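> Sequence:
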Amino acid sequence: MPPEGEVEEEDAEDAPVELDEGVKATVDELKEVNLGNTKDPRPIYTSVSLTQEEERVYIAILHEF
1 MPPEGEVEEE
11 DAEDAPVELD
21 EGVKATVDEL
31 KEVNLGNTKD
41 PRPIYTSVSL
51 TQEEERVYIA
61 ILHEF
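1 is the number of the first residue of the sequence shown in the UniProt record's numbering; add one for each residue after it.
Bear in mind the hints are in silico, worked out from the structure with no lab data behind them. Just so you know, nobody snuck in bad clues.
Straight-line C-alpha distance at most 20 Å; calculated SDA-like pairs for lysine to any residue:
1. K31 x V57
2. K24 x S47
3. K31 x A60
4. K31 x L50
5. K31 x S47
6. K31 x R42
7. K31 x S49
8. K31 x Y45
9. K31 x L62
10. K31 x P43
11. K31 x Q52
12. K39 x F65
Between beta-carbon pairs, the in silico distance windows are:
13. D14 x P41: 50 to 58 Å
14. S47 x E8: 42 to 50 Å
15. E54 x E21: 27 to 35 Å
16. H63 x E21: 35 to 43 Å
17. P3 x F65: 53 to 61 Å
18. F65 x E18: 30 to 38 Å
19. E6 x K31: 51 to 59 Å
20. F65 x E21: 32 to 40 Å
21. E6 x L35: 54 to 62 Å
22. F65 x E10: 43 to 51 Å
Since we're looking at a predicted model, the values are computed, not measured. Heads up, the beta-carbon is just placed ideally off N, CA and C, and yes, glycines get one too.
Can you make the complete structure from the sequences, with help from the hints?
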């Protein structure tokens, strides 16, 4: 145990190989949804991987704003 007021240092382990390879972006296929109308379009894009229920809730939340 280190003296009071000092921090004990630990040896760090090597980073996992996945981190050395860098960040890989994932891109989901998108679906356009119009939150507005034909006179005042407000397009947004949702992931096609959302379930119908998730998309419904998501769009309902966005309509509140």
